[in-house]
Structure formats: C-alpha cells, structure tokens
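Visitor: Protein chains in written order, with the working numbering: chain D, 329 to 446; chain P, 17 to 134.
It should be emphasised that the hints constitute simulated quantities derived from the structure, not laboratory data. Hints may contain errors.
Facing chain P, from chain D, some residues (calculated, C-beta under 10 angstroms) [as the list claims (entries may be wrong)]:
#1 364
#2 377
#3 422
#4 435
#5 437
All figures in this text were calculated on a predicted structure; none of them were measured in a lab. No residue lacks a Cβ here, since even glycine has one placed at the ideal position from N, Cα and C.
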Amino acid sequence: AQSVTQLDSQVPVFEEAPVELRCNYSSSVSVYLFWYVQYPNQGLQLLLKYLSGSTLVKSINGFEAEFNKSQTSFHLRKPSVHISDTAEYFCAVSDQMNYGGSQGNLIFGKGTKLSVKP
Amino acid sequence: DAGVIQSPRHEVTEMGQEVTLRCKPISGHNSLFWYRQTMMRGLELLIYFNNNVPIDDSGMPEDRFSAKMPNASFSTLKIQPSEPRDSAVYFCASSPGRFAGINTGELFFGEGSRLTVL
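Using the sequences provided together with the hints, build the complete structure.
Guide: Written out as structure tokens, the structure is:
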C-alpha cells in the first residue's frame with residue numbers, strides 16, 4: 329500500500345521569496361505522482377503530474393516538481409511566489425500496477441497550507 | 017467542456033434532517049469518487065464507483081451515509097439522519113479511466129458542497 333507524507337502543514341513566506349513544499353511517498357511499486365492546489369472555497373485542481381519521462385515537471389504558473397526515485401520524493405518548488413499562490417497544496421500518489429485495472433484511487437497527503445504575505 | 021457539477025453548493029440544515037448531495041461527473045469518465053473535507057480530518061475518501069458500481073465504501077462513516085450512482089451521469093450522497101459532526105465540505109470527483117492505454121488515476125474535482133448541520 330502507498331502512503332504520502334507532507335511534513336509541513338503550514339508554510340508562511342513573503343512575496344517574491346522562493347518556496348519548497350515537501351512530499352515523500354512510500355510504495356513497493358512504481359507510481360504516478362501529482363500535486364493538486366485548492367484555493368479558498370474551491371475544489372482541488374491539478375497543478376502538475378509526473379507519469380513518466382523527464383523527472384522535472386512544470387506547471388503553467390511557475391511551479392515545478394522533481395521526481396526523485398531514490399529519495400522517494402516529489403517536492404514542489406517555485407522560485408518567486410505571489411500573493412495569489414496562497415492556497416493549500418496536496419501531494420498524491422497512485423500505484424502504476426493497480427492501474428493496470430480500471431479502478432483505484434489516489435492517495436492524498438494531508439496538505440500544506442501556503443500563506444504568502446506582502 | 018463542463019467540469020464536475022455538484023449541488024447544492026451550500027446546505028444548512030437541522031440535526032435529524034435528511035441531506036442529499038448531487039453530482040454530475042464529466043461526460044465519458046467511468047469512475048466517480050465522494051470525498052469529505054474537514055479541518056480536523058483533512059480529505060477523506062468516502063466511496064468510489066467504477067462504471068456505476070460501488071467498488072469501495074470502506075470510508076463511509078456509518079449507516080447514516082449512503083451513495084448511489086443510478087447511471088453514468090449522476091450520483092447522490094445521502095445522509096439520514098444528519099448530525100452536527102457531519103458538517104464538512106463534500107467533494108465529488110471523476111476520473112477518465114484509461115487514457116492512451118494508461119489509467120493514471122488523475123481526478124477532476126467539483127467545487128464542493130458545504131454542509132452545515134445545526
């Protein structure tokens with residue numbers, strides 16, 4: 329069974345500072361990895377995902393995450409944050425083997441609340 | 017294309033009343049998920065369906081909760097009788113199943129239904 333650990337429940341940063349949101353997972357098989365973002369009073373939206381290929385994946389709004397298999401990590405980074413990045417960020421993992429079938433579900437971390445201050 | 021549509025967006029009810037939450041998944045998606053989100057417990061998977069069939073309902077809190085998916089375009093989550101501890105945001109999500117031969121598990125979330133039980 330997989331699990332996801334987001335070590336930081338809250339991360340306060342100042343605007344234009346860099347940020348890293350940490351995500352570690354455990355799995356005995358190969359995985360797909362996701363970051364979702366939840367803005368206040370909204371549902372979760374996919375931010376970026378790693379399925380295969382390049383281990384560095386990027387979103388359209390400047391976030392990036394790198395899959396590190398040896399460290400079982402998928403940390404999310406942004407070199408310069410904006411006020412509008414204030415949200416809760418969820419890391420999630422799914423089992424590639426399980427998805428040989430047609431059902432299954434993502435395992436979510438507990439979320440990290442990013443608070444960007446002026 | 018329309019996303020996942022949930023109704024109502026907000027519901028305030030009194031303890032003991034029946035509550036019905038509704039969800040219309042994205043057309044063509046074959047998996048549907050109900051989640052509950054609270055400050056204390058975070059995001060919890062309640063139940064998921066594949067091709068309209070309930071696959072795993074182990075997350076349903078108790079017999080007061082029931083979910084149905086009578087067809088591919090509609091699902092309900094019912095709480096009867098409701099209790100104050102059921103107050104939460106309930107999310108519906110759908111998944112496209114296989115994409116280019118791969119089922120990655122990516123989920124598409126609705127905006128949520130915020131339930132307050134007085």
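Visitor: None of the hints should be skipped; say for each whether it holds.
Guide: Checked hints:
no., hint, result
1, 364, "holds (8 angstroms)"
2, 377, "holds (7 angstroms)"
3, 422, "holds (3 angstroms)"
4, 435, "holds (9 angstroms)"
5, 437, "holds (9 angstroms)"
Hint compliance for this structure: no hint is broken.
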